[in-house]
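*Asks:* Given next are the chains, with one letter for each unit.
Number of protein chains: 2
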Amino acid sequence: MSPSDHVQAFRDLLGAVGVVDDPQRLATYTTDQRQLFTGSTLAVLKPVTTKQVSDVVTLAARLGIGLVPQGGNTSYCGGATPDASGRQVVVSLERMDAIREVDPLSMSISVDAGAILKKVQEAAASAALLLPLSLGAEGSCRIGGNIGTNAGGLSVVRYGMTRDLLLGIEAVLPDGTIVSDMRKLRKNNTGYDVKQCFVGSEGTLGIVTGAVLRLAPLPVRRATAWLKLAKVAPLAELLALVRRESGELLTTFEFMTARSIALATAAMASPPSVGPGSGGAILLEFASSSRHLDLDSLMETILAETVEYEWVEDAFLAQSGAQRASMWELRETIPEGEKRWGGSVKHDISAPLSCIQRFLDVAGVEVRKFHADLELSVYGHVGDGNLHYNILVPQGTNRIAFTRLVEASLSLRLYDAAAALGGTFSAEHGVGRFKRHLLEKYGDPGRVAAMRRVKTAFDPAGIMNAGAVVRPLDPEPVY
Amino acid sequence: MSPSDHVQAFRDLLGAVGVVDDPQRLATYTTDQRQLFTGSTLAVLKPVTTKQVSDVVTLAARLGIGLVPQGGNTSYCGGATPDASGRQVVVSLERMDAIREVDPLSMSISVDAGAILKKVQEAAASAALLLPLSLGAEGSCRIGGNIGTNAGGLSVVRYGMTRDLLLGIEAVLPDGTIVSDMRKLRKNNTGYDVKQCFVGSEGTLGIVTGAVLRLAPLPVRRATAWLKLAKVAPLAELLALVRRESGELLTTFEFMTARSIALATAAMASPPSVGPGSGGAILLEFASSSRHLDLDSLMETILAETVEYEWVEDAFLAQSGAQRASMWELRETIPEGEKRWGGSVKHDISAPLSCIQRFLDVAGVEVRKFHADLELSVYGHVGDGNLHYNILVPQGTNRIAFTRLVEASLSLRLYDAAAALGGTFSAEHGVGRFKRHLLEKYGDPGRVAAMRRVKTAFDPAGIMNAGAVVRPLDPEPVY
Numbered sequence: 001m002s003p004s005d006h007v008q009a010f011r012d013l014l015g016a017v018g019v020v021d022d023p024q025r026l027a028t029y030t031t032d033q034r035q036l037f038t039g040s041t042l043a044v045l046k047p048v049t050t051k052q053v054s055d056v057v058t059l060a061a062r063l064g065i066g067l068v069p070q071g072g073n074t075s076y077c078g079g080a081t082p083d084a085s086g087r088q089v090v091v092s093l094e095r096m097d098a099i100r101e102v103d104p105l106s107m108s109i110s111v112d113a114g115a116i117l118k119k120v121q122e123a124a125a126s127a128a129l130l131l132p133l134s135l136g137a138e139g140s141c142r143i144g145g146n147i148g149t150n151a152g153g154l155s156v157v158r159y160g161m162t163r164d165l166l167l168g169i170e171a172v173l174p175d176g177t178i179v180s181d182m183r184k185l186r187k188n189n190t191g192y193d194v195k196q197c198f199v200g201s202e203g204t205l206g207i208v209t210g211a212v213l214r215l216a217p218l219p220v221r222r223a224t225a226w227l228k229l230a231k232v233a234p235l236a237e238l239l240a241l242v243r244r245e246s247g248e249l250l251t252t253f254e255f256m257t258a259r260s261i262a263l264a265t266a267a268m269a270s271p272p273s274v275g276p277g278s279g280g281a282i283l284l285e286f287a288s289s290s291r292h293l294d295l296d297s298l299m300e301t302i303l304a305e306t307v308e309y310e311w312v313e314d315a316f317l318a319q320s321g322a323q324r325a326s327m328w329e330l331r332e333t334i335p336e337g338e339k340r341w342g343g344s345v346k347h348d349i350s351a352p353l354s355c356i357q358r359f360l361d362v363a364g365v366e367v368r369k370f371h372a373d374l375e376l377s378v379y380g381h382v383g384d385g386n387l388h389y390n391i392l393v394p395q396g397t398n399r400i401a402f403t404r405l406v407e408a409s410l411s412l413r414l415y416d417a418a419a420a421l422g423g424t425f426s427a428e429h430g431v432g433r434f435k436r437h438l439l440e441k442y443g444d445p446g447r448v449a450a451m452r453r454v455k456t457a458f459d460p461a462g463i464m465n466a467g468a469v470v471r472p473l474d475p476e477p478v479y
Numbered sequence: 001m002s003p004s005d006h007v008q009a010f011r012d013l014l015g016a017v018g019v020v021d022d023p024q025r026l027a028t029y030t031t032d033q034r035q036l037f038t039g040s041t042l043a044v045l046k047p048v049t050t051k052q053v054s055d056v057v058t059l060a061a062r063l064g065i066g067l068v069p070q071g072g073n074t075s076y077c078g079g080a081t082p083d084a085s086g087r088q089v090v091v092s093l094e095r096m097d098a099i100r101e102v103d104p105l106s107m108s109i110s111v112d113a114g115a116i117l118k119k120v121q122e123a124a125a126s127a128a129l130l131l132p133l134s135l136g137a138e139g140s141c142r143i144g145g146n147i148g149t150n151a152g153g154l155s156v157v158r159y160g161m162t163r164d165l166l167l168g169i170e171a172v173l174p175d176g177t178i179v180s181d182m183r184k185l186r187k188n189n190t191g192y193d194v195k196q197c198f199v200g201s202e203g204t205l206g207i208v209t210g211a212v213l214r215l216a217p218l219p220v221r222r223a224t225a226w227l228k229l230a231k232v233a234p235l236a237e238l239l240a241l242v243r244r245e246s247g248e249l250l251t252t253f254e255f256m257t258a259r260s261i262a263l264a265t266a267a268m269a270s271p272p273s274v275g276p277g278s279g280g281a282i283l284l285e286f287a288s289s290s291r292h293l294d295l296d297s298l299m300e301t302i303l304a305e306t307v308e309y310e311w312v313e314d315a316f317l318a319q320s321g322a323q324r325a326s327m328w329e330l331r332e333t334i335p336e337g338e339k340r341w342g343g344s345v346k347h348d349i350s351a352p353l354s355c356i357q358r359f360l361d362v363a364g365v366e367v368r369k370f371h372a373d374l375e376l377s378v379y380g381h382v383g384d385g386n387l388h389y390n391i392l393v394p395q396g397t398n399r400i401a402f403t404r405l406v407e408a409s410l411s412l413r414l415y416d417a418a419a420a421l422g423g424t425f426s427a428e429h430g431v432g433r434f435k436r437h438l439l440e441k442y443g444d445p446g447r448v449a450a451m452r453r454v455k456t457a458f459d460p461a462g463i464m465n466a467g468a469v470v471r472p473l474d475p476e477p478v479y
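Protein chains in written order, with the UniProt record's numbering: chain Y, 1 to 479; chain S, 1 to 479.
Hint data in this document are derived by calculation from the structure and do not stem from the laboratory. Incorrect hints may appear among the rest.
Each pair may be met inside one copy or between any two copies, as identical chains are not told apart.
[Said to hold, decoys possible] With a straight-line Cα cutoff of 25 angstroms, these simulated SDA-like cross-link-like pairs (lysine to any residue) come out:
| id | residue 1 | residue 2 |
| --- | --- | --- |
| 1 | Lys118 | Arg413 |
| 2 | Lys118 | Ala98 |
| 3 | Lys231 | Thr301 |
| 4 | Lys231 | Val448 |
| 5 | Lys339 | Phe316 |
| 6 | Lys369 | Leu303 |
| 7 | Lys441 | Asp175 |
| 8 | Lys51 | Tyr442 |
| 9 | Lys118 | Pro104 |
| 10 | Lys51 | Arg452 |
| 11 | Lys231 | Asp22 |
| 12 | Lys51 | Gly422 |
| 13 | Lys228 | Phe370 |
| 14 | Lys369 | Leu473 |
| 15 | Lys441 | Gly342 |
| 16 | Lys441 | Asp361 |
| 17 | Lys119 | Ser354 |
| 18 | Lys369 | Ser273 |
Please read these numbers as outputs of a predicted model, since none were measured by experiment.
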């Protein structure tokens with residue numbers, strides 16, 4: 001069969017509206033979020049039911065066609081973008097975006113995998129519940145992608161990653177078998193928890209088509225504070241104190257350096273009055289679903305303690321919803337600030353909390369060794385030991401060329417530093433196509449061997465997102 | 001080679017002290033916790049290092065000898081007990097019981113898999129941190145077994161299951177490969193999270209030799225209450241109210257029927273003054289690491305609300321450590337109370353919270369249909385949707401014969417009822433040898449198919465705990 005015969009066969013399954021092969025319309029599906037790589041695809045398939053996904057997979061397996069599952073195409077690691085061969089076919093879940101059920105008593109929500117994160121948050125909120133997954137791309141990323149990358153974001157310190165929220169799953173295996181396990185259960189110890197395999201698998205083990213997610217009571221009290229850090233502030237000690245004294249009502253502990261704050265401020269129409277101390281700043285938030293807790297007073301007590309330790313130069317408690325929103329906007333504008341600057345080379349580092357300070361020291365030395373004048377934007381979810389350690393693209397330099405240069409040299413020194421401290425080269429962004437060589441370099445060989453077994457067990461023909469995450473046991477097919 | 005040659009080969013590896021084959025000393029390793037089944041073993045191997053475990057596994061693979069990993073041998077499902085063939089060899093982790101490291105700032109503890117749960121709790125507490133895993137067998141169960149069964153227990157409503165606490169792992173695959181991934185990281189999205197495969201695998205995919213567990217701040221404030229439930233009390237609504245109004249400081253929501261309370265009371269030297277209401281009772285606890293929160297006053301406010309709804313007949317706030325301890329002792333003595341009564345047939349049910357009441361209704365009808373005079377002991381971790389729905393062995397009846405009778409008939413009706421409501425036949429006890437047929441009956445076929453692939457991918461020769469959890473793709477070897 002010729003490529004156009006293949007497209008026709010999929011069209012027979014899905015109808016005309018279910019297959020896109022107009023080259024102009026394909027463009028948004030073939031370039032990754034960070035615009036570092038543009039692949040090619042025969043067509044984009046848009047099934048509307050799990051049965052259709054199964055039919056697509058079965059047909060692809062029969063024809064030997066590689067598939068690339070895609071949600072919102074917001075991967076930072078090229079995990080949802082087809083390769084350059086032009087022989088892979090994108091399977092977009094965007095037409096499967098229904099909220100299937102909110103069950104308030106069970107505190108769960110059941111959705112199609114193509115549901116946009118923000119829509120799911122809203123559906124939960126309309127039942128006075130919280131979907132505690134919140135991240136920059138929430139307006140366009142989709143739940144299937146959140147599962148595929150085990151998305152983290154801004155509430156992990158309290159609620160965990162996507163893995164911790166996943167109660168049930170529906171997925172199509174690479175031979176077309178449907179796994180239908182849309183349970184709402186907190187506890188279900190009946191053998192291997194197969195859904196865990198899909199979490200973080202970035203479309204390489206099958207296609208997730210539905211999910212049941214755990215919800216939490218909707219917070220009705222919030223206290224938000226901005227801490228100007230003293231130069232000496234030890235981040236992990238500060239976190240330990242805040243976590244302990246807040247009784248784990250802590251929901252946010254976001255660190256930002258002065259440079260990151262300046263970049264965000266430059267990109268904001270009305271920047272807030274808060275700024276960094278000599279050690280940067282922390283955005284701190286407590287939240288609770290209880291009307292009976294006075295979080296502002298709790299926050300004030302704890303802030304006083306941090307000032308006493310001389311870790312904090314000054315602290316501001318948000319006095320209104322507008323002040324709170326403006327502190328949050330500052331934090332969330334950093335990536336846009338980096339973009340307006342001219343881009344950054346991103347490093348999604350995590351290290352044990354006890355080694356965060358050491359990582360910052362060692363990494364700083366490596367950066368200066370590489371080039372004396374490089375500028376950094378460092379910020380992140382320090383509550384989880386996660387730092388976005390980004391190198392700003394020097395003005396007047398080609399972003400992609402600079403990225404390639406840094407990633408082939410300095411980046412490896414930074415990952416070496418993280419690895420030496422028991423850290424990792426990818427805290428929340430995943431592996432995708434861009435970081436597969438890093439997994440091979442830094443991953444424990446026994447663990448990688450087990451991964452390869454899992455890959456081959458699920459996908460013996462290697463049709464699912466070949467080129468991403470991990471090599472199968474046998475040589476990878478080229479489609 | 002003869003069986004005694006095999007034992008000698010293991011002795012050459014481990015030394016005399018590392019191999020037990022004295023028939024009298026073998027007895028404690030070959031009978032399961034509930035004394036429902038006695039298997040047989042050639043020998044018990046007791047390696048002291050991960051390298052020795054790897055050597056044992058490599059040798060067993062070469063000789064074609066089946067292995068049964070064992071921790072504290074407290075499985076309720078016969079998951080740690082060898083079969084009757086006499087050809088399986090038990091690998092006990094009991095000599096690998098070291099606490100490797102407590103890292104207070106990273107809030108993690110690294111241990112050998114043979115460490116007894118209680119020892120790990122104590123090591124955490126000595127650093128002012130909490131290992132939030134607490135269950136009846138904690139004085140004898142071992143961390144490797146907790147991982148193998150994804151142990152739940154008394155704090156799941158706040159802290160989750162063992163899976164949610166596991167940060168890093170060390171394990172030996174069935175070909176002797178060592179997976180060495182003892183990370184302390186909250187976030188490490190670098191491909192498939194292989195450690196998740198081991199959680200709930202009950203020794204069928206390899207042998208866990210070490211683990212890094214997440215710790216929480218140690219609570220310094222606690223409020224404990226005993227709620228006498230009105231007949232009309234809707235459990236899920238009550239839980240939702242308490243969870244919301246307590247701002248998720250809830251750590252315990254344990255339900256007990258009057259019969260379970262009476263059994264426990266009869267087994268206690270000095271039973272407390274609290275008893276059940278007409279709808280049973282709830283043991284409720286809030287805990288916080290913050291000195292600044294007044295949990296007693298929060299509890300009183302919430303109790304008043306539950307009384308207003310007429311869900312609670314009466315409520316008692318523990319006024320001292322002794323009162324608190326006595327409420328807890330009552331709850332924790334229920335299994336012993338059942339034992340003294342003459343035993344019970346246990347059903348470890350879970351259902352979506354919105355269906356708990358419905359399950360109790362349907363199950364009650366099934367029990368009465370089976371026999372008008374059967375007595376029940378029903379209690380459990382209702383905060384997680386988990387009910388221990390136990391049938392008391394009628395006095396004067398043989399326990400094992402009655403168990404076999406009920407499990408072949410009534411138990412299936414109860415599991416049918418749970419399944420029809422989206423529930424499960426095993427919430428926290430696992431599958432082991434006793435419930436494998438239930439997994440085949442109630443498990444989603446797609447999910448079971450994926451499990452079998454995973455089993456065969458990890459253990460192609462089928463040497464690891466054959467007979468437990470799930471059949472491999474190929475016919476199961478008989479050793």
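*Asks:* Given identical chains, is Lys119 near Ser354, meaning Cα to Cα at most 25 angstroms, within a copy, between copies, both, or neither?
*Replies:* Cα proximity of Lys119 and Ser354: across copies only (23 angstroms, versus 37 angstroms in one copy).
*Asks:* Please work out whether the CA atoms of Lys339 and Phe316 approach to 25 angstroms or closer within one copy, between two copies, in both situations, or in neither?
*Replies:* Neither. Shortest intra-copy (28 angstroms) and inter-copy (59 angstroms) distances fail the 25 angstroms Cα cut-off.
*Asks:* Indicate which option fits the pair Lys118, Pro104 if close means a Cα-Cα distance not exceeding 25 angstroms: within, between, both or neither.
*Replies:* For Lys118 and Pro104, the Cα distance is within 25 angstroms only inside one copy (18 angstroms; across copies 36 angstroms).
*Asks:* Should Lys231 paired with Asp22 be assigned to within, between, both, or neither, using CA atoms and 25 angstroms as the limit?
*Replies:* Classified as neither: same-chain Cα gap 56 angstroms, cross-chain 65 angstroms, threshold 25 angstroms.
*Asks:* Which holds for Lys441 with Asp361 at a C-alpha limit of 25 angstroms: within a copy, between copies, both or neither?
*Replies:* Within one copy only: 23 angstroms inside, 57 angstroms across.
*Asks:* Between the shortest in-copy and the shortest cross-copy C-alpha distance, which are at most 25 angstroms for Lys369 and Ser273: within, between, both, or neither?
*Replies:* For Lys369 and Ser273, neither the intra-copy (35 angstroms) nor the inter-copy (71 angstroms) Cα distance is at most 25 angstroms.
*Asks:* When no copy is named, should Lys51 and Tyr442 be tagged within, between, both, or neither for a Cα gap of at most 25 angstroms?
*Replies:* between (39 angstroms within a copy, 22 angstroms between copies)
*Asks:* Quick one: Lys369 to Leu473, C-alpha cut-off 25 angstroms, is that within a copy, between copies, both, or neither?
*Replies:* For Lys369 and Leu473, the Cα distance exceeds 25 angstroms both inside one copy (39 angstroms) and across copies (54 angstroms).
*Asks:* Can you give me the call for Lys441 and Asp175, within, between, both or neither, at a CA distance of at most 25 angstroms?
*Replies:* between (31 angstroms within a copy, 23 angstroms between copies)
*Asks:* Evaluate Lys118 and Ala98 at a C-alpha cut-off of 25 angstroms and name the case that applies: within, between, both or neither.
*Replies:* within (12 angstroms within a copy, 46 angstroms between copies)
*Asks:* Taking 25 angstroms as the upper bound on the Cα-Cα distance, should Lys228 and Phe370 be classified as within, between, both, or neither?
*Replies:* neither (30 angstroms within a copy, 68 angstroms between copies)
*Asks:* State whether the alpha carbon distance between Lys231 and Val448 is at most 25 angstroms within one copy, between copies, both, or neither.
*Replies:* neither (40 angstroms within a copy, 55 angstroms between copies)
Hints 1, 4, 5, 6, 11, 13, 14, 15, 18 from the earlier list are contradicted by this structure; the remaining hints agree with it.
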